[in-house]
Amino acid sequence: MNGETDITGADGVPDPVTADLRLSVNGVPRPVTVDTRETLLDTLREHLGLTGAKKGCDHGQCGACTVLVDGRRALSCLTLTVTADDVEIVTVEGLADGDALHPLQAAFIENDALQCGYCTPGQLCSAAGALAEAADGWPSAVTPDLSAPPRLDETEIRERMSGNLCRCGAYPGIVAAVGQVAR
Amino acid sequence: MSGTETRPDRGQSRERGHGPGVGRDLGVGHSAPRPDGTLKVTGEFAYSSDLYLADMVWGATLRGPHPSARIRSVDVGPALAMPGVLAALTCEDVPGELFYGLDRRDQPVLAADRVRYQGEPVAIVAADHPERARRAAAAIVVDYEVTEAVTDPRRAAFDPSCPAVHDGGNVVRHQPVRVGGDFTAPVVVTGEYEVGMQDQAFLGPESGLAVPAEDGGVDLFVATQWLHVDRDQIAPCLGLPPELVRLTLAGVGGAFGAREDLSMQVHACMLALRTGRPVKMVYGRQESFFGHVHRHPARMRYEHGADLDGRLRYVRAEILLDGGAYCSSTPAVVGNAASLGVGPYEVPNVWIDAYGVYTNNPPCGAMRGFGAVQACFAYESQMDRLAEACGLSPVEVRVRNAVSQGSRLATGQVIDSPAPLAGMLRELAAMPLPPEPSRTAGPVAVPPPAGPARAAAATSVPDPAGVRAPGAAATPDLLDLPGGVAQTTHGEGVRRGVGYGVGIKNICFSEGFDDHSTARVRVELLGGEPHVLVRTAAAEVGQGLVTVQEQIARTELGVERVTVAQADTTVGSAGSTSASRQSYVTGGAVRAACRAVRERLAVLRANGETLAETLERAGAVEETRVYRHRPTFPMDPVTGQGDSHAQLALCVHRAVVDVDVELGLVKVVELAAVQDVGRVLNPLALEGQIHGGSAQGLGLALMEEVQVVDGRVLNPSFTDYLIPTILDMPPMRVSVLANPDPHAPYGLRGAGEPPTLSSTPAVAAAVRAATGLRLPRVPIRPHDIAMDGSRYGNWAGDRSL
Ligand code: FES
Ligand code: FES
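Chains A and B are the protein sequences, given in the same order. Numbering of the first sequence is given in my numbering, commencing with residue 1 and proceeding in unit increments. Numbering of the second sequence is given in my numbering, commencing with residue 1 and proceeding in unit increments.
One chain only, chain B, in its complex shape (with noise of 0.2 angstroms):
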């Protein structure tokens, strides 16, 4: 697309255009086709809510409406009485262990003598219609006593008086760190900000079909991202030793960070178990914003000092994250955004106190960013501050304070691979702007009225994609301002900004956990020719890794037929699809695999012998692998020291805005990315991981908020809850870097998160620029721009000086 420049792997060129095709190098490095993509038009792909067995029954949850509330009784009988009702399950029903978590087993199945947010399941149904059983979950009768709800994180975690929403207290993890004692600087920049609650809103809401064995078993087909975690969780509730439940990966609607936590899988086997019938369970839109974790919103204090050159000598912070109910995995959010409280610039002293609280807000987990994108936006808006502070442009202060290889982080861990953000940033600068609109240079013209003659009017103005011509006059095309059709004004208050972002995100799990994947290759002759068959139990949610797998098999064992099996477990973990890491972790594991049939190969093979005559005599070939990537180290509990991440991960942004600043209404007309990726495996997948994630981030810049008030959701829906549409994203320039990361196999660094970080600061600081508004808060809403008291007031440095 116009506008759009993309340079994979420096001077390699962009494969777009190009439609697979026999002979092409289909290994890695290039933009192989998903092996789904055929499946994915043609409408034959299998996703977990297209699943049906002849003799089906459906699942539904009654949940409960209270943000905290005792339970006196829960009364099933209305239910059972109504026609088509095969069970309904309570607390008491539940055959095993209680409780379940990812990281603590603190969330109940079933709430049993309490609830503790707004959505909490109290009871669950099955009926041989999905309406029946909708409609029997609403006729349970629970009696609940409301209690007061705790909603304030700050009240949570630091006033004594504050009631307990889980036994031990409210903060789930406290992690300080601590670098040197020197607070004293000659410029300091302070500021308060606040991330809003931000949902993952993948397109397909969660669902599955559980369905019972002969062996007294379950067989769960289900969209998740960790199939082994999942087993694991559900097989002690259901009293099941973890042989007896296996589960297949069906076909995955987006995950973002959602499906690492249990939905529905407990619930869902519980009543297949208990009917002996298949259960196929699916939420609805509003039920899904009530069915899983959001990311942590964010309370967060910095104060950076710096000399008067611009270089930082210290960074203060305190981040206070909401994890709502249960612990999911707030310990490790918090440990992320600790890690990277700073952002990747080198400070010779840190004081970080990082928390994450229990409240009854909805609980919060793992989101795409993970704990950094929250540290990112305070760090980034506190660079922007200390710039103007020192009269520096946004994009030197942050050259100055760059970190490279050899860097420490505020954890004491040093880089030890390629980290160029002063040049990525110089290269991002140095990208072309999109043409300046005529009409922010002043008043303009009053339009001629709407119709045909509106045509002349709309040739006055460049469009980016350059159909129309430019011409001589100043009158704005009210369609290309903020607001398309729903500008009222002549674009007299439009005023551009443009502003940058950096990130770094740490790839593959932290903080010591054992983090692994396996994978098994099987060579063999299929119709006369060889045949690559991998099998893993990594989740592929959409981000391509089908394809990355095949690539590897490819290149590493010279066969162009490869097929990726569903994933399930019947091989060992793969781990998450999360944390940017199954390119690296099972993407090693499937190159070990076939490095191991390789050498088996090589072995059995005979003089002159081709693969398929030594196939055809020694028979199949199959290996299993596991890999490991390097260790991690915890992080020290006081000073928060130690080399706890395997792996970073550096992405710059520029974004270009034009901001009605009477209506508050912003368009983003231009976003740029820099991310370096270690390794191109495919560009064209590469590509679209950048663009998903930069509109992720947009996203959180400008529109989406999970709103809650009093512990309760007002926008469970598309209708309130806004995710960018095609109009919202912008044209991108993308340059990727491939500086090999020596530690990971081909060199390749995660690519799926980065983006989502640096695009969130990039925007709300293009939007200050257009404002001069101190916008301390992410989502940036259209009353904070158009009724800020302090429009156009100076908000630089409180204390500079």
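Excised from the complex, chain A in its bound form (with noise of 0.2 angstroms):
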């Protein structure tokens, strides 16, 4: 580095800066002290022993590591930790209530929605996340009619949860699965 630099290290990389933060996950505090550059996706799996987000691409490209935050969704590859404090951070393990799964995963199953699963966490956040902004009133690109709640049809599902790539190619069960949930 060149010098400008009360945080350059011994090896002439940057010390870390560390925050403390009261994340909460799954509606559990998990207060952690974080590398401020740290995404979420990394605190998450690295810090926090939550692996179901995954990292796909690490770029905001494929969604396999879709969170929701305050019930929205959120890229947890594209979160920084540091902005995530004092918010509810929700992932693919805090889905199910206990041992009674998300009605999204009961429908995953039922229509073989996944082959190999690495997007599927993903996937089920999104259309989670979907499901509720569609519930909040908010259209889509292919929303017909602004005036009126969206429903949520195949066309409204495909386009809500076309930040999610698949490359098992399991997305007409995707379909199939949120549809029935959205019904």
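Because the hints were derived from the structure by calculation, they are not lab data. Be aware that one or more of the hints could be misleading.
[Stated by the list, open to error] One side only, chain B facing chain A, incomplete, derived with CB under 10 angstroms:
| no. | residue |
| --- | --- |
| 1 | PRO130 |
| 2 | ARG285 |
| 3 | ALA430 |
| 4 | PRO434 |
| 5 | PRO731 |
C-beta: ideal position from N, C-alpha, C; glycine also.
Hey, can you piece these two chains together into the complex? The hints should help.
What follows is the structure in structure tokens.
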């Protein structure tokens, strides 16, 4: 580094700046001290032992890392953990109610909406977010009538789930599973 | 979902919509739920990237940036000087064999005196934090002398002045096929075709955890397709006997061929043995594009000769496959391209030359469809040209030439199980087409402004989902047009096209390979009830083999509670999870072991005893069996003749597309498929395989290409390497036939790959039908459509009549 630099350590690499955060994940307070450069995905996976959210690209391209932040979808690989203080984070591990699967989880199994399953945590969180958005009246790019609450038909589901890649091509099952719960 | 109609096994109703429940038959033929389904939807399923040990450290790889260079020196000093770095290793540190490889051991564990492709591993480091490991790898100083890169496969194959990528020349395999000698016909169509480099792009990147053991060996937990052949390549490189290298399958985030070759396996083990610490390696997405082999790009020249009625008299073809810098499975890919190079058609005279060559491009190897995909695009494109030259429909020309049971392939091999291709095509053609959008009839009205007013317009377009009521006006909803929200026109240039594609794929390993699998089945009392434990080394990569193994055990033993153990090397090899072979070969092994157990139980069982009572009295019963499919034989090196394949599978696709011919945008409106699978083991899982294979074929047709210029990859990310999204994947109609193959367990036919073959040419044909363009290359890019000078020109029959 070029010497600007009370934060430069002996190896020429900036020493981490850390922050103490009161994260709340899946309804449980999770106080953590993190490097301020760290993404929420890395914090969940490497510090909190919550490896459900997946790293498919780390660049916001695949959706495998999708979690819910205050009920809204967020790509945890593009979210700095320091921005997640004082919000409620829900990961795939938090969708089920005890032993009872979330209806989306049950529908994914029933409709075989997964093969390798690597995209599935992101698909599920994304679908939960999409259901909530529709329930709150958020239109999408394909909503025909902006004055009425959106109905999650196939077109809407495809549009709203289009940020989640599935290389196994389980898309027809995903559309069916989300549609089953949306009804 | 609407628009999808699946009829597995004729008349057997599909079970989607019925959840797993007590009392349902969960044996062979039923939609038993995946045993890993709950773990996968709750996030508890442990993928290789999720593994963790308290004292583990992280590995990282330094990769050479040049497609071809000499290495003058490597200095790991700067890396070792960094805090937290435990090891920095080069080829000097490889304990055993310096090379590995599936077919030829030509790939260095770490590059020694030269690098042969961009991204070749040169050094590895271990550090206490992944970021430190990455920085340390970047700090290693390598002095390269850049040398001329061989990047033109044609030059590599045929120009004697071309530098050799490896000693011994650039042609890895040349396989001719020669049948008959009459290469004259009244109708001749010729074409040159190209297939771009496709990436498997599994969603879970390469990763694993190597743990040093007290006995001097190593335990490797890894996402792979073939544990034993991984081990047999790793152990010599580590200088260890195979029994000291123990592999356990970790959760696999998709494979599609890309995990058949080694990636981080030897590196992680080397670092673990050097540091004495567990070492985890996880590739990022960009590294993943350099970390595994791709599908061979192909350049193909075809000439089809036929009678006036469209019946084929001959096929001549040259198929050139770019294997890149290392051999991988190129010889077997060439064998497939050659033996299946005319497709599932009866052709009395054949002259094929298939080549696989070394270049300094990225190494290529296995991907779903394996050599058959490339040839299929070319021969199906040719069949459409022949149809046009003869004035036949695409379906009719295929029906007239279709193979059936008893037909001979170009290799002389007789198809000795059902191959009802003509009937499959007729059924496909008879399926209803999606509604024709009114917009294709001609110019359309200017749509209303965006916003609520658009609702009125939207109702005028027939929606395949039937959600919006059809109206009278012919105004399109822009969102239904190709490009969706990216549409900048009013749909004036949108044309509809329909295309067909047919594919034939060999199932199981071919050409004399000793293809087998091993299963150990144990029946015992657990909690007072009979329980079956199935153990194999077969890799579940998402395809559902674990489910099928359970189903077979239930059916064979009549026991409901079945567990499939995590695959590892404590049991004999299962062979690779590739070539659509695991249900056949490992399924066969599980069935054989179950039947052996059943025979033992029959002997042990006293009159009137229940199974639980027998097990209580006699103890657990365990049997291990090896299953082999019937032998296959090498192709003659001069004529290509030989019964090289164990099984053949057919799939046919119809694609319906809307193309904006001015913008070059394509929307696949519907895919329909008919596939003969011999016997449906699990209707729901089968449907998933057909969807998934079709999606990957659609991707190859329209968007997927690793762009390589001068040996350098331009697009190693999901921003620039596009795979189909849920918006790109249309509704599918699927019809499944089940004409049993008498040679296979339960009569089944491998199912995972055939749809990947036929969907690509079907989509390409549909785009041609919509545009009138020749489009001899996939993926078809927007500029291939929008900027083609010959637009609307007639591309039919070069030398016909
Ligand atoms: S890992 Fe975050 S979008 Fe891919
Ligand atoms: S299930 Fe494999 S990526 Fe979606």
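Here is how each hint holds up against the structure:
no.	hint	result
1	PRO130	holds (8 angstroms)
2	ARG285	holds (4 angstroms)
3	ALA430	violated (22 angstroms)
4	PRO434	violated (13 angstroms)
5	PRO731	holds (7 angstroms)
This entry does not satisfy hints 3, 4, going by the numbered hints stated previously.
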